[in-house]
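Visitor: Each chain is listed here by its residues.
2 protein chains.
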Amino acid sequence: MSLLVIGSVAFDAIETPFGKTDKIIGGAATYIALSSSYLANKVNLVAVVGGDFPKEDIKLLQDHGVDTEGLQVKEDEKSFFWSGKYHNDMNSRDTLVTELNVLADFDPVIPASYQSSEYVMLGNLSPDVQRKVIERMENKPKLIAMDTMNFWMDIAREELDKTIAMVDVLIINDEEARQLSGEYSLKTAATKIMAMGPKYLIIKKGEHGALLFGEDKVYCCPALLLESVFDPTGAGDTFAGGFIGYLAKTDDTSFSNMKRAVIYGSTMASFCVEKFGAERIVNLSDSEINSRVQEFIDLSQVKISL
Amino acid sequence: MSLLVIGSVAFDAIETPFGKTDKIIGGAATYIALSSSYLANKVNLVAVVGGDFPKEDIKLLQDHGVDTEGLQVKEDEKSFFWSGKYHNDMNSRDTLVTELNVLADFDPVIPASYQSSEYVMLGNLSPDVQRKVIERMENKPKLIAMDTMNFWMDIAREELDKTIAMVDVLIINDEEARQLSGEYSLKTAATKIMAMGPKYLIIKKGEHGALLFGEDKVYCCPALLLESVFDPTGAGDTFAGGFIGYLAKTDDTSFSNMKRAVIYGSTMASFCVEKFGAERIVNLSDSEINSRVQEFIDLSQVKISL
Chain A
1 MSLLVIGSVA FDAIETPFGK TDKIIGGAAT YIALSSSYLA NKVNLVAVVG GDFPKEDIKL
61 LQDHGVDTEG LQVKEDEKSF FWSGKYHNDM NSRDTLVTEL NVLADFDPVI PASYQSSEYV
121 MLGNLSPDVQ RKVIERMENK PKLIAMDTMN FWMDIAREEL DKTIAMVDVL IINDEEARQL
181 SGEYSLKTAA TKIMAMGPKY LIIKKGEHGA LLFGEDKVYC CPALLLESVF DPTGAGDTFA
241 GGFIGYLAKT DDTSFSNMKR AVIYGSTMAS FCVEKFGAER IVNLSDSEIN SRVQEFIDLS
301 QVKISL
Chain D
1 MSLLVIGSVA FDAIETPFGK TDKIIGGAAT YIALSSSYLA NKVNLVAVVG GDFPKEDIKL
61 LQDHGVDTEG LQVKEDEKSF FWSGKYHNDM NSRDTLVTEL NVLADFDPVI PASYQSSEYV
121 MLGNLSPDVQ RKVIERMENK PKLIAMDTMN FWMDIAREEL DKTIAMVDVL IINDEEARQL
181 SGEYSLKTAA TKIMAMGPKY LIIKKGEHGA LLFGEDKVYC CPALLLESVF DPTGAGDTFA
241 GGFIGYLAKT DDTSFSNMKR AVIYGSTMAS FCVEKFGAER IVNLSDSEIN SRVQEFIDLS
301 QVKISL
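Here the protein sequences line up with chains A and D, keeping their order.
First residue of the first sequence: 1, per the numbering used here; consecutive thereafter.
First residue of the second sequence: 1, per the numbering used here; consecutive thereafter.
The hints are simulated quantities; they were obtained by calculation from the structure and are not laboratory data.
Source: prediction; values computed, not measured.
It is possible that part of the hints are untrue.
Identical chains blur together in the list; that is why a pair holds if it fits in one copy or across any two.
Claimed, not checked - For lysine-lysine, the following DSBU-like pairs were computed, each having C-alpha atoms within a straight-line distance of at most 30 angstroms: (1) Lys-42 with Lys-55; (2) Lys-192 with Lys-303; (3) Lys-205 with Lys-275; (4) Lys-20 with Lys-187; (5) Lys-59 with Lys-132; (6) Lys-187 with Lys-162; (7) Lys-132 with Lys-74; (8) Lys-275 with Lys-217; (9) Lys-205 with Lys-303; (10) Lys-199 with Lys-142; (11) Lys-259 with Lys-217; (12) Lys-217 with Lys-205; (13) Lys-187 with Lys-205; (14) Lys-275 with Lys-187; (15) Lys-192 with Lys-162; (16) Lys-162 with Lys-132; (17) Lys-303 with Lys-259; (18) Lys-199 with Lys-187; (19) Lys-42 with Lys-142; (20) Lys-205 with Lys-259; (21) Lys-303 with Lys-249; (22) Lys-303 with Lys-42.
Construct the entire structure; sequences and hints are all you get.
Guide: The following block contains the structure:
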C-alpha cells in the first residue's frame with residue numbers, strides 16, 4: 001500500500017557530547033520517509049524546501065523510492081533550519097536556532113497521484129497544516145497517524161485538539177502525553193487522550209521503550225539496551241516511519257499487527273541514534289533490519305504455560 | 001524444593017500521600033517469606049525479633065507455611081524498627097527513624113532442618129551477616145540470590161564485594177546498579193557487576209519493569225501500568241520472593257525459567273503496592289496470581305514471523 005508522509009524537510013545543525021555537524025539534512029518528513037521507505041511499497045512526500053536545498057539530498061530521497069512530486073521547491077526562499085545542542089545525559093537539549101523560512105506559510109498541495117494513498121503519516125508540524133492535509137485527501141485513507149510536540153500544546157492547543165480528533169493513531173512521548181492529558185499516570189493519560197478522538201495511542205518512553213494503547217489493550221515494547229546514544233535527533237520521526245511503514249507494507253490495522261509495527265518502529269529508531277542525523281538510516285539492509293527485529297523479540301518473549 | 005530466606009523481620013511505620021500507619025509488620029524477610037510462600041514448597045526463615053514482636057505476626061508467617069524454627073526471639077530486646085515518609089511522586093522517600101535494636105548484633109543460626117535448603121534468598125542485610133549464612137550452609141545450595149542497597153555500598157563496600165562474589169543472582173535497582181558499577185549505561189553496568197561474581201543480575205526499574213542479565217542474554221520484563229501506587233514499601237522484597245519462590249517451585253535454573261521467575265516476581269510486587277505494607281500479600285489466591293501473570297504476558301507478547 002502507498003503511504004503519504006507530510007512534515008518538514010530541512011537543515012539541522014547538531015551538537016552532542018560526541019561532536020557537532022554543519023548543516024545536514026533533517027526534518028521530520030525526511031526521517032519518516034527514509035525510515036518507511038524500507039517497508040512501505042510507495043512513499044509519497046508532501047513538504048516544502050527553499051532554493052538552498054541541495055539537489056543531491058532530494059535525489060537521496062528519490063533513491064530510496066520516495067516520490068517527491070509533492071515536494072515544493074521555493075527557489076527564492078530558504079529551507080527550514082533548526083540547530084540544537086544536547087546535554088551530557090542526552091535526555092534534554094537546547095534549541096539554539098529555529099528559522100521557519102519556507103515553513104512559515106507552507107500550504108500543502110497533494111498531487112493527484114498521491115490521492116489514493118491508503119496510509120497517512122502527519123509528521124510534526126503546525127496542527128493547522130496537518131489538518132489541511134486530511135481535508136485535502138479526496139479518498140478517506142485507511143489509517144491516519146499523527147505526531148506532534150509540546151510546542152503546539154503550548155501555543156495552538158485548540159487547533160491541535162481539532163486535528164487530534166481526526167486521526168486514528170497519535171504518536172507522542174511520555175512528557176507530551178502528560179502535558180496533553182494533565183495526568184501523571186500514563187494509563188490515565190492514555191484513557192483521556194483516546195477520549196479526544198484517536199482509537200490508538202503510542203507513548204514513546206525513550207530508553208524505557210514504547211507503549212501502544214487501543215481496543216482496551218496495552219502492549220509494552222522494550223527498548224534495546226544501548227551502551228551509548230550517539231545522537232537522538234530524528235529518533236521519534238524514524239520510529240513513526242518504521243511504525244506506519246510496516247502497517248502500509250502489511251496492510252493490516254489489527255491491534256496484533258500494530259504491536260509488530262511498534263517493534264519495527266523501535267528497530268528503525270534504534271539504528272537512527274547510532275550516528276549523526278539520518279546518516280545511519282540512509283543505508284540499511286533488510287538483513288540488518290530483520291536481525292535487529294529479532295533482538296527485540298529475544299529481549300521480550302517468554303514461553304510460559306499457566 | 002525448599003527455600004531458605006534471611007533478612008529483617010521488623011516493625012515499619014509508613015507515611016504516604018494516601019495516609020499513614022502505626023507500627024505494622026515489615027522487614028525484607030517478612031515480604032520475601034510471604035511472597036515466596038505462594039510458590040515454594042517450603043520456606044525456611046532465618047531472622048531475629050525482640051520480645052515486643054507480636055505472637056500473632058509470627059503465627060501469620062506460620063499460617064503461610066513459613067517455618068519459623070530459625071526465627072530467634074530475644075525476649076529482653078526490641079525488634080528492628082524503620083519509619084519512612086514517601087514524597088508525592090512515590091519515587092523517593094525520607095527515612096524518619098531507623099532503630100537497629102536486635103539487628104545490631106544479629107548472628108544468624110541455621111537449624112539442622114534447614115541445611116538441605118536448595119534455594120537461598122539473602123534479603124537486604126549487612127553483607128557480613130549475609131555471608132555468614134552462606135558459610136554456615138553445610139550443603140552447597142543449587143542457587144543463592146541476594147538483595148542489597150546503596151547504604152551498604154556507602155559504608156561496607158569491601159564486605160559487600162566479598163559477599164556479591166559468592167552468589168549466583170544479584171537483585172538490585174537501577175540506581176544501585178549505577179552506584180555499584182560506576183556506569184550510567186545499564187548494559188555496561190551489568191557487564192561490570194557480573195564480572196564481580198554473580199552469573200545473573202536482575203535490575204529493577206520500578207514503573208519501567210525489570211531486566212534480567214545472564215548467559216550473554218538479556219530479558220526485559222514490563223511493569224503493569226498502575227493508575228496509582230498506594231505504598232511501595234516492600235515491593236522490591238516481594239519481587240525477590242516471587243522470583244526465588246518460582247525457581248524453588250519449578251527447580252529449574254535455566255535462563256528461560258528465570259525469565260518466567262521475573263514475571264512472577266513482578267506479579268507479586270504489583271500486588272504489594274496496592275495496599276499499605278504487606279496487607280495485600282497476606283491473602284492472595286492462586287487464581288488472582290495466575291490472572292495477574294496473564295496480564296504481564298498479554299502486555300508483552302507478540303506473534304511475529306521474520
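Visitor: For every hint, state whether the structure bears it out.
Guide: Status of each hint after checking the structure:
no., hint, verdict
1, Lys-42 with Lys-55, "within (21 angstroms within a copy, 73 angstroms between copies)"
2, Lys-192 with Lys-303, "between (34 angstroms within a copy, 29 angstroms between copies)"
3, Lys-205 with Lys-275, "both (20 angstroms within a copy, 27 angstroms between copies)"
4, Lys-20 with Lys-187, "between (38 angstroms within a copy, 26 angstroms between copies)"
5, Lys-59 with Lys-132, "within (27 angstroms within a copy, 69 angstroms between copies)"
6, Lys-187 with Lys-162, "within (23 angstroms within a copy, 42 angstroms between copies)"
7, Lys-132 with Lys-74, "within (20 angstroms within a copy, 77 angstroms between copies)"
8, Lys-275 with Lys-217, "between (35 angstroms within a copy, 25 angstroms between copies)"
9, Lys-205 with Lys-303, "both (26 angstroms within a copy, 22 angstroms between copies)"
10, Lys-199 with Lys-142, "within (13 angstroms within a copy, 50 angstroms between copies)"
11, Lys-259 with Lys-217, "both (11 angstroms within a copy, 23 angstroms between copies)"
12, Lys-217 with Lys-205, "both (18 angstroms within a copy, 23 angstroms between copies)"
13, Lys-187 with Lys-205, "both (13 angstroms within a copy, 18 angstroms between copies)"
14, Lys-275 with Lys-187, "between (33 angstroms within a copy, 19 angstroms between copies)"
15, Lys-192 with Lys-162, "within (15 angstroms within a copy, 51 angstroms between copies)"
16, Lys-162 with Lys-132, "within (11 angstroms within a copy, 66 angstroms between copies)"
17, Lys-303 with Lys-259, "both (18 angstroms within a copy, 9 angstroms between copies)"
18, Lys-199 with Lys-187, "within (15 angstroms within a copy, 35 angstroms between copies)"
19, Lys-42 with Lys-142, "within (15 angstroms within a copy, 57 angstroms between copies)"
20, Lys-205 with Lys-259, "both (16 angstroms within a copy, 23 angstroms between copies)"
21, Lys-303 with Lys-249, "both (28 angstroms within a copy, 17 angstroms between copies)"
22, Lys-303 with Lys-42, "between (37 angstroms within a copy, 26 angstroms between copies)"
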